[in-house]
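Chains A and B supply the protein sequences, listed in that same order. The first sequence begins at 0 in numbering that gives the first Met the number 0 and counts up by one. The second sequence begins at 0 in numbering that gives the first Met the number 0 and counts up by one.
Treat the hints as calculated values from the structure; they're not laboratory data. Treat the hints with caution; some may be incorrect.
[Said to hold, decoys possible] These stretches of chain A come out as covered by chain B in the derived footprint (C-beta under 8 Å, 3 or more residues):
| hint | stretch |
| --- | --- |
| 1 | 32 to 38 |
| 2 | 57 to 71 |
| 3 | 180 to 189 |
| 4 | 197 to 211 |
Glycine residues also receive a C-beta, built at the ideal position from the N, C-alpha and C atoms.
Residues per chain, in single letters:
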Amino acid sequence: MKRKGLSFYFRIYCKILAQDLKSKMSYRADFIISTIGMIFTNIAGFVSFWILFRSFPSINGWSYYEILFLYGFSLVSLTPVQCLFDNNWNLRQYVYSGDFIKYCFRPINLFFYYQSEVFDIKGLGQLAFGIGTLAYSWNKLELGFTPLMLIKMVIFLITASFIMIALQNAAAATCFWIQNSFYVMDLVLKFKDYAKYPITIFSPIFRFIFTFIIPIAFIAYYPSVVILRPDAVPVLSWLSPIISCILFGLSYKFWMYSAMKYNGTGS
Amino acid sequence: MKIKKFLTLTRAGIIESLQFRLGTVVIIIGNILYLIVVYFLWKAIYSSAGTDIVNGMTFSDTLIYLVLATALFNFMEMYIVWEIGRNIQSGKIVLDLIKPMKYRQYMFWSYSGSFITNFFFTLLPTFIVVAIVTHGAIYFGINLLLFIISVIIAVSINYSIDFIVGTICLYTESIWGINIMKQVIVMLLSGVTVPIAFFPEPLKSIVYHLPFQSIYNAPLSVLLDGNPQLNTVLTTIGTQLFWCVTMIALSKLFWKVSIRKITVNGG
Numbered sequence: 000m001k002r003k004g005l006s007f008y009f010r011i012y013c014k015i016l017a018q019d020l021k022s023k024m025s026y027r028a029d030f031i032i033s034t035i036g037m038i039f040t041n042i043a044g045f046v047s048f049w050i051l052f053r054s055f056p057s058i059n060g061w062s063y064y065e066i067l068f069l070y071g072f073s074l075v076s077l078t079p080v081q082c083l084f085d086n087n088w089n090l091r092q093y094v095y096s097g098d099f100i101k102y103c104f105r106p107i108n109l110f111f112y113y114q115s116e117v118f119d120i121k122g123l124g125q126l127a128f129g130i131g132t133l134a135y136s137w138n139k140l141e142l143g144f145t146p147l148m149l150i151k152m153v154i155f156l157i158t159a160s161f162i163m164i165a166l167q168n169a170a171a172a173t174c175f176w177i178q179n180s181f182y183v184m185d186l187v188l189k190f191k192d193y194a195k196y197p198i199t200i201f202s203p204i205f206r207f208i209f210t211f212i213i214p215i216a217f218i219a220y221y222p223s224v225v226i227l228r229p230d231a232v233p234v235l236s237w238l239s240p241i242i243s244c245i246l247f248g249l250s251y252k253f254w255m256y257s258a259m260k261y262n263g264t265g266s
Numbered sequence: 000m001k002i003k004k005f006l007t008l009t010r011a012g013i014i015e016s017l018q019f020r021l022g023t024v025v026i027i028i029g030n031i032l033y034l035i036v037v038y039f040l041w042k043a044i045y046s047s048a049g050t051d052i053v054n055g056m057t058f059s060d061t062l063i064y065l066v067l068a069t070a071l072f073n074f075m076e077m078y079i080v081w082e083i084g085r086n087i088q089s090g091k092i093v094l095d096l097i098k099p100m101k102y103r104q105y106m107f108w109s110y111s112g113s114f115i116t117n118f119f120f121t122l123l124p125t126f127i128v129v130a131i132v133t134h135g136a137i138y139f140g141i142n143l144l145l146f147i148i149s150v151i152i153a154v155s156i157n158y159s160i161d162f163i164v165g166t167i168c169l170y171t172e173s174i175w176g177i178n179i180m181k182q183v184i185v186m187l188l189s190g191v192t193v194p195i196a197f198f199p200e201p202l203k204s205i206v207y208h209l210p211f212q213s214i215y216n217a218p219l220s221v222l223l224d225g226n227p228q229l230n231t232v233l234t235t236i237g238t239q240l241f242w243c244v245t246m247i248a249l250s251k252l253f254w255k256v257s258i259r260k261i262t263v264n265g266g
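Put together the whole structure using the sequences plus the hints.
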């Protein structure tokens, strides 16, 4: 089979996206309520954050605005996984009911086709919230602003996104092996809440675990340190773009390998 | 005679929840991770605060509170909104409605089995571990009895709130948005994520006048109070009882009005 180019996939993506938006619009009430729900989640997250840290000038050497920066960073970097890869949450139902087989018969990449089917607009509210938080804390911290910083910021935001996407792909793919992957997905979803705290609060053992075994420190801490504390950037921060690409590649391979093992259930 | 049909549902629930052993293992791993994060986060907060007592709570008070709050949360979480919403969407609700039992009771007793398994697999072990690790920070006396009474009332309030929110699904046909809103509001205002003692003043008095704090904050404050005064205990449990009765009445009334509007596609 001839390999198809990027422009081909881009065109296909736009077409599928348009269909998805149309079908979402036919359930308008659900769309509006879900969007309000998402805004609620973000506000509540922010309120509990504010209650926790408002009475302390600094935690473990991290000022209030620095922690706020980490919080905003994690919100922005979680947007792609929310918007583009939300169909992972439905995977277990497709596999369980046997409907997954329909994706296997298209002459395009299976992973691409499956993920492109859903675009979650709710995530955009979170993006706006995250950007607002980032800009506010950036301003308060007086970090200054140069084009180079912006480029760094974008690169490291993408890095962080890739890590979360990789974790979620791997979690979703477990449904090909075990009956109910909801618990695994839910576990990974909770990681994002832990990612917003600086890794230095943990003891060395758990710092190691959260860096190398469950890489949640890469979702916000290592990438954002590049902007926050440019004088003392750990090597792992500079390596994080490469690590994120490797992890994403591995998760893709695992997803595809698991999908190939799939041999359908029932009708 | 009447109790027998309820107990049959309880037994079926126990058998059903024992089917998902792998799910339980993943939930336990998730909880351990959560507790590790909570431990180090609060340790960092307390060591930055400079004093041993913040907002009237010591480090070990806060930790015991949060650990037990998490255990209680896992004990009480029933996913009722999901269940009702999914039954409405699939049409299965019609079959449940013609059962010779009120729907509200049927849903509760089908879930009662998982209360029993959750009690033995999460709440009791957590309680014993906390009691041993903290060397008598939990008093064993009349407060244990009060705690059990308080938890039973809390379960009832929690169920009624869930049932009200589930009933809203009859109108909106949106599950995710409604459920996430409920979850976020209950978790924030009931003191599961941050103890209510840490809330700033106007917010604190507002929260004490809402039903949510009766679910987690009330039982925990009864349990952790080593020297219970008749006055405080009566106020806490009295408030709980008030909300319990109000919420049961509200949920029954709302269901009665709404059930006439039900529209089911297919089934």
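Are 3 or more residues of the stretch 32 to 38 of chain A near chain B, judged by a Cβ distance of less than 8 Å? holds (count 6)
Is the coverage entry for the stretch 57 to 71 of chain A by chain B consistent with the three-residue Cβ rule at 8 Å? holds (count 3)
Residue count check for the stretch 180 to 189 of chain A against chain B: does it reach three with CB-CB under 8 Å? holds (count 6)
Can you tell me if the stretch 197 to 211 of chain A counts as covered by chain B, using C-beta to C-beta distances under 8 Å and a minimum of three residues? Answer holds; 4 residues pass the 8 Å Cβ test.
The structure meets every hint from the earlier list without exception.
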